[in-house]
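Peer 1: Sequence:
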Amino acid sequence: MAQPKILIADDNPANVELLDAYLSAFDYEIAVAVDGADALEKVASFQPDLILLDIM
1 MAQPKILIAD DNPANVELLD AYLSAFDYEI AVAVDGADAL EKVASFQPDL
51 ILLDIM
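Counting in the working numbering, the sequence shown runs from 1 upward without gaps.
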């Protein structure tokens, strides 16, 4: 079975670091996007199963 893919889309480095550290304990493939344009590009290329999105 393939690793589940998670995209973290957040412009706050502390949030990204926290989520990445937590999720690294599990068998997930993780990608990070730092803004909306980057997130759209990563969605197309990475094709995540789940997106954790900061929408503030």
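Mixed in with the good hints, there may be bad ones.
[To be verified] Pair by pair, the computed Cβ-Cβ distance ranges are:
(1) Q47 to L18: 22 to 28 Å
(2) M56 to A2: 29 to 35 Å
(3) A37 to M1: 30 to 36 Å
(4) M56 to M1: 18 to 24 Å
(5) D11 to D49: 18 to 24 Å
Everything labelled a hint here was simulated from the structure, so no lab data went into it. Where is the CB? At the ideal position from N, CA and C, for every residue including glycine.
Peer 1: None of the hints should be skipped; say for each whether it holds.
Peer 2: Now the hints, each set against the structure:
1. Taken as a hint, the range 22 to 28 Å holds for the pair Q47 and L18, whose Cβ atoms sit roughly 24 Å apart.
2. Between M56 and A2 the beta carbon distance is about 32 Å. The supplied range of 29 to 35 Å therefore holds.
3. Checked against the hint of 30 to 36 Å, the C-beta distance between A37 and M1 comes to roughly 32 Å, which is consistent with it.
4. Between M56 and M1 the C-beta distance comes to about 34 Å, which lies outside the given range of 18 to 24 Å.
5. The hinted range of 18 to 24 Å is satisfied by D11 and D49, whose Cβ atoms lie roughly 22 Å apart.
When the structure is compared with the earlier hints, a violation turns up for hint 4 alone.
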